[in-house]
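Enquirer: Listed here are the chains, written in short residue letters.
Number of protein chains: 6
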Amino acid sequence: MPVTSVNELKPGQEVDQVFLIRSKQIRTARNGSRYFTADLCDATGNVPARMWDASEVLLEALAEANFVRVRGRVELYREQTQVILASIRPAPQEEIDLERFLPHSPYDPQERLQKLKDLAESITNPHLQALLRAFFDDDEFVGRLTRCPAAVAYHHATIGGLIEHTASTAELAELICQQYPQVNRDMLMTGVILHDIGKTRELAYEQAFTYTVHGELVGHVVSGVLMIEDRVREMPDFPPELLDELRHVILSHHGEYEFGSPKLPMTREALALHYLDNLDAKMEAVTRAVEDTSAGDESWTEQLRMLRRRFYRGSSPAEESTE
Amino acid sequence: MPVTSVNELKPGQEVDQVFLIRSKQIRTARNGSRYFTADLCDATGNVPARMWDASEVLLEALAEANFVRVRGRVELYREQTQVILASIRPAPQEEIDLERFLPHSPYDPQERLQKLKDLAESITNPHLQALLRAFFDDDEFVGRLTRCPAAVAYHHATIGGLIEHTASTAELAELICQQYPQVNRDMLMTGVILHDIGKTRELAYEQAFTYTVHGELVGHVVSGVLMIEDRVREMPDFPPELLDELRHVILSHHGEYEFGSPKLPMTREALALHYLDNLDAKMEAVTRAVEDTSAGDESWTEQLRMLRRRFYRGSSPAEESTE
Amino acid sequence: MPVTSVNELKPGQEVDQVFLIRSKQIRTARNGSRYFTADLCDATGNVPARMWDASEVLLEALAEANFVRVRGRVELYREQTQVILASIRPAPQEEIDLERFLPHSPYDPQERLQKLKDLAESITNPHLQALLRAFFDDDEFVGRLTRCPAAVAYHHATIGGLIEHTASTAELAELICQQYPQVNRDMLMTGVILHDIGKTRELAYEQAFTYTVHGELVGHVVSGVLMIEDRVREMPDFPPELLDELRHVILSHHGEYEFGSPKLPMTREALALHYLDNLDAKMEAVTRAVEDTSAGDESWTEQLRMLRRRFYRGSSPAEESTE
Amino acid sequence: MPVTSVNELKPGQEVDQVFLIRSKQIRTARNGSRYFTADLCDATGNVPARMWDASEVLLEALAEANFVRVRGRVELYREQTQVILASIRPAPQEEIDLERFLPHSPYDPQERLQKLKDLAESITNPHLQALLRAFFDDDEFVGRLTRCPAAVAYHHATIGGLIEHTASTAELAELICQQYPQVNRDMLMTGVILHDIGKTRELAYEQAFTYTVHGELVGHVVSGVLMIEDRVREMPDFPPELLDELRHVILSHHGEYEFGSPKLPMTREALALHYLDNLDAKMEAVTRAVEDTSAGDESWTEQLRMLRRRFYRGSSPAEESTE
Amino acid sequence: MPVTSVNELKPGQEVDQVFLIRSKQIRTARNGSRYFTADLCDATGNVPARMWDASEVLLEALAEANFVRVRGRVELYREQTQVILASIRPAPQEEIDLERFLPHSPYDPQERLQKLKDLAESITNPHLQALLRAFFDDDEFVGRLTRCPAAVAYHHATIGGLIEHTASTAELAELICQQYPQVNRDMLMTGVILHDIGKTRELAYEQAFTYTVHGELVGHVVSGVLMIEDRVREMPDFPPELLDELRHVILSHHGEYEFGSPKLPMTREALALHYLDNLDAKMEAVTRAVEDTSAGDESWTEQLRMLRRRFYRGSSPAEESTE
Amino acid sequence: MPVTSVNELKPGQEVDQVFLIRSKQIRTARNGSRYFTADLCDATGNVPARMWDASEVLLEALAEANFVRVRGRVELYREQTQVILASIRPAPQEEIDLERFLPHSPYDPQERLQKLKDLAESITNPHLQALLRAFFDDDEFVGRLTRCPAAVAYHHATIGGLIEHTASTAELAELICQQYPQVNRDMLMTGVILHDIGKTRELAYEQAFTYTVHGELVGHVVSGVLMIEDRVREMPDFPPELLDELRHVILSHHGEYEFGSPKLPMTREALALHYLDNLDAKMEAVTRAVEDTSAGDESWTEQLRMLRRRFYRGSSPAEESTE
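Protein chains in written order, with this note's numbering: chain A, 1 to 323; chain B, 1 to 323; chain C, 1 to 323; chain D, 1 to 323; chain E, 1 to 323; chain F, 1 to 323.
Hint data in this document are derived by calculation from the structure and do not stem from the laboratory. There may be inaccurate statements among the hints.
[As the list claims (entries may be wrong)] Cut-off 25 Å, straight-line C-alpha distance, at most; resulting in silico cross-link-like pairs (PhoX-like, lysine-lysine):
{"no.": "1", "chain 1": "C", "residue 1": "24", "chain 2": "A", "residue 2": "24"}
{"no.": "2", "chain 1": "F", "residue 1": "24", "chain 2": "B", "residue 2": "24"}
{"no.": "3", "chain 1": "D", "residue 1": "24", "chain 2": "F", "residue 2": "24"}
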């Protein structure tokens, strides 16, 4: 039986597969009988499940389990899909396909990678272009770049989130260079493409999204500069002034000391990168929250961790324009 | 004799016109004779002037004068243009054409106005479109909009600076809507066009750039909302929810309480306006400083008031790309 | 059977009425039997209730209920009043009189309103007096003014709290004008009376105390100015300078940017309003906490949300003075 | 010849007395002759002075002099009073009466002292009353209390400023106790009277207003507590709990850590004292600035050091009310 | 039967003694039977306990109990020590020896006291030496000094923690005086020994570590100065300047206003004390956290309250040096 | 004629050498004659100079000169040494020996270097020891390390200041390891020795103390890590975990984000380095200010730039102890 993702479960369907489980409880029905309830989850959503005539023994048996193998049938109850369980047990490690349980970027990482490569090819400064090629020719690096999230929780916290964010910021940079022709496009574009590469070493993302020890002790801002250092070492003609400007763009991209930048932006390109990075991160976080109607209420999102406030869902663009 | 602007004075030319005067001094030459020196200024730049055989009596006579009428001849001394004065006296009020002494935006305000009108016409929500038309149909308002600076000193501090900044931010908004299709373009564009209209009441800019009493007591953030209120009062069908969202976009566009916003951005459009406004203001301020080689030194600009730091001039984009 | 408020329940009394219910539990007695306990509440206090021989079935039946209809008898147990329940069931919507469950100001709103009207009549500036009369002649506004709380939680969070706070601050202003005769009494008194009127639009208070969407997006500081604007529009002779000073007093009354004032107090009247508003809000919040012996411990109140610290109850004034 | 204060100099009057001198300069007249100008000052104001046919020799002779003895005649020039000097020389130390050059409170210190004594007598707690009497019975302390300024520059920076501020705050406290009957009047009044007594040791005010070494190292907040300690030591029955509450009121009266309070107000009396102290200090500073038309411009005061902004002079109360 | 501390319980041993109890629960075994579990604690650690065939009746009986008397037997289960209970009941007050349940400093307080006395004797200034002797000759003070914790939770939160911290800081001061011979060793050493004596009045530590009312209202910084005041009063020749410097060292030792110092360090000795105090407090807190492997995970400690971040356990010094 | 330093000029001595010149002025003597005055400076101090019968022509001639060649004679006037000039002219570039005009550390850089080398040899971890040896074997690096200042102005702003500060901090670290044996001495000592090496690239110190472009754009914190990177690249066995810990110690040594550390200290060694670095920098800055009696007044130093306050000179240790 193939695996069905939660958001595609259909009433009447039989299931026999692994889910992430949350909110396990024994409850008492109006008729006095006791039943088990829980939420079954994967990266696409949650579905409630019930098992009749269950007791706290079941609860104890599942106490330590984060993943369960269930057999049962999808039904409709008060217009809501639920799963009526025939059996449930802790899933053995080898049956758990973590990939199904981590959120994924809605964009195709390979398409986004190609976008970045195209932009890199449009750079005219030969040193900066050679540096970017050195990164894109490194398959192991590219593998991590296309899979890593952009953050543990704040924004683009998805498999593929890093390249989604990097490519979107690069597209913004392309637009901005039209508006501000004085900006050194080569430096800005190189800065955008490399600004967060340190996250491929800062973050662990195989089982859950967390920080590595290297990430905590060094951080992606400096780690990215070290990764550039390793490439430039192989390029003896790379001009030292150009390297200092590039280091500066990376080191200052958080824009304020309190966000971990050891230097504040002091070139136009550094300043532009800071604002574009910020804009893209926040637009994604807010859009995700506004569109996630499972949290917050009808008018307001939940509190956003990155911005420490709730956002107003407002009226939809479509409705507005047709009044 | 027609008036010549400072940046067009040519050696050999006779001048008989009004200048702004700065740095008046009596100095002693190597041969012991005393002479008068000063800088003659208009909005295009400064030129040094000298008058031979002068004494402190002249200094006293000019003590209170900010504008002087001078007769003299442009000469070249050590490869630098200077004016040798035949006569100098305080300029009578009626000879002073203030226009020549205030800095002007490098953009044509009428062209920028047309840009904004075109964008306003592209808005599909009928209420927002009608509101913008009401503003653009008011000649007195348009007169102020096309002349007002965007700030006293921080950025776009020029005659025409406000419409330069508004139109540039609107162009950014147009680009951003391509990148983030979820943004309500009508609301964002209306917000951009109206976000700083309160400055037409906050700032005085006929003789110098300063704040009005209304500007100090009320401020352009709230004043802009009051100006919208005056228009909406004539539009009985304007939906109250739409008005609250528009008020919010204006009230929150400074992005932080400490910059005088009584509300923090809580819609995507408010957040986007805040970042685009900020980006445009800072890119203009930094670009102006980087290109103004009369201040700072070879590598660094002067300290920018808005960002409290110096910026690095860097290497020019052209040079970079041709190595 | 008439309704009895919680703080007037007497041992021996039969009750058959609706209560707000909290802390529902099934517990086991020493003899092994199981019983139901909960707290029954209204705006005057809480009383514990017990129902013998109950099971979790009852808990499930009441799971969603915030209001319950109970029948039972008041008894005394270990010197504490409690209700022994004969029956309990979710209360139907039509039986719930929300008024009984919202806290009320200890002051009579009509008396406080009259106080404000009297102070308004004592103002000598005809424009300011006319403005205040326009507000007090609007029955719908007065209805909201006399019912609205002054805040959701920080201070005067009661039905009638807004007018209690406004009148108390106006009385302080009256006293202060004796001490500082240079203060413009007309402007200060008008500012005090109008400073928080925006709260009648910012807050919803029919079922619980929360913010409206208008309140979140615009806020009472600016909303109050807009309400004044609507009145002044009908008063063509209102001097614009006077209006700017009044707007300033309202806009700056929070005293600091970080508390949502877009302008800092820059007139004596604005400064005085800020301090008096602050003093009255905090004295009420602290006095309420010091006198509420149901929270905190013998010597200390609970942590106050507005001041982020506990307050010391101290020794009573009476005891002090008779030693 | 008796001394005339600057604000009472009349045209035609001969003067032969000591002044504080500022802005000494040699200037050149239109006819080429050179003259000496300076400002002559005392605590009541400044008057310009001129001496004809003077040279830089005179400037050198007066280079180190802050006080000068002048002979001359008061004249009227362009409707402004000035002194035409016949002679000027550094004043010998023994001719300088510093009293004339320090600003004085507009209130009579003895009247203000009596007000405080009367309020002290109205206190009913015998310990607090005895403590205050001990202070008021100490002639040396009273001498300093009635002469000391309340601050070096921020507010009430005058001889007698401390008792002016203390008595005004005590009058506010009297009013506030009517409004908030729950406040312990004895504790609040005692706190008000004693809150700034440490300033009599913190400040030096014989020649100019500065800090003592004790003031810099210990500060008036703690110094005041030490002065209370010295009195209480003689009162063996003083209740320790009462002493801790009183210490707390003094220690916390600056209201925030950043203003040098080692404790934040945690009793109603401490909170009230903090707000009243703040209100009185700021109302005095703003009123003084608004009324001092010699600084700032027609509409705005100079920047206030204590509040870091300018204040608006506004329209006068009288004019307002008679429109 | 003598009392055994938790960290010395051995499998096979019978226990009949009092423990602090946490995490009381009734759980259901795989076979459906129900059992009681809890953690038994003293200052040396925690041990899990189980009692078979228990019901919620037991839970109710122990609901209010923090200390229990248990009888049972220590067993080994899955390589972990646990106690199988034969009986458990709330411990009567008289059986509770609080000393066993409060954490103790690993240092011998008497040895640390002797260290401080030796250092005090090495001081050459006779006034400072006499002052220290007066403290050390006061048995009641010494009793509190050797028992008091240094803080409720942040650092050295143990019985004896205050003298551990004071002596360690004094040893640092001794070392620092070698490095900076310009430092006044007498003043620094006296300041170190006395800087936290106010904690003996600020903290209560008989049953748990909390603040006294005196501690909350006055605080140890000022309280320490008051304690010195009481001694100096008996020493009529104590130079007032020396006293002000000593008061300053105590008052400023927190280094920043926001940490409750009413004065910032303005002498070398005050600055040195601040840094050494800070260094010793933080090294102890971090070392304790790094070595407490019961909290946090393999690589990281729990979040430290005092420093608001986790610390990295790193690799051990021993392993490092032998590679 | 050999050069004499300012602090060794003796009355009667003839001088013919270069000085730095400040405060050039023409003044008028009592007899009406005019003379030239200025201060002649080198790194050891300042001496006033006068030239009789001078005019503003001389001032003009010296207008651009920072260094002058003077001939003249040292005399005593009112007990103060001064130089009476026979001639003065701008010094040609080739006569200026900048070394004489930059302040120097009071310590011998070679002795301090040897101290660091000895400490480096005491490290037991072979990787860390090898890394330090690689630095000390690089003559060019050692040349810069022994000459570079530790800062432009805040502390140790002298030629040799960096190695003075580094060695003093290393000595503190040695002492601290005795007090806290849990600290990894190898890591702390390596961190201390390398923490500021980036300053050899951040600062320029040949003519005056300023920042390089590399220093502004990258900063010494990250630059130091890059210098370590260059060495470690040659050491293939260097353990990556050890390198991350070392990087962390360097990156976090400023202790707070706002001081430019991209990471906060999260190991004991990083925390200890931060405190010791801070202590040594501040003790040097304060000691220098307290001992520099040419600035400030008798009791107080000038305002210290690094600590934003004045320091009290206090009474000398010697006097204290002999009372």
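Enquirer: All hints, please: hold or fail.
Expert: We went through each hint and held it up to the structure:
1. C:24 to A:24: Since the Cα atoms of residue 24 of chain C and residue 24 of chain A sit roughly 21 Å apart, the hinted pair holds (cutoff 25 Å).
2. F:24 to B:24: 21 Å, holds
3. D:24 to F:24: 21 Å, holds
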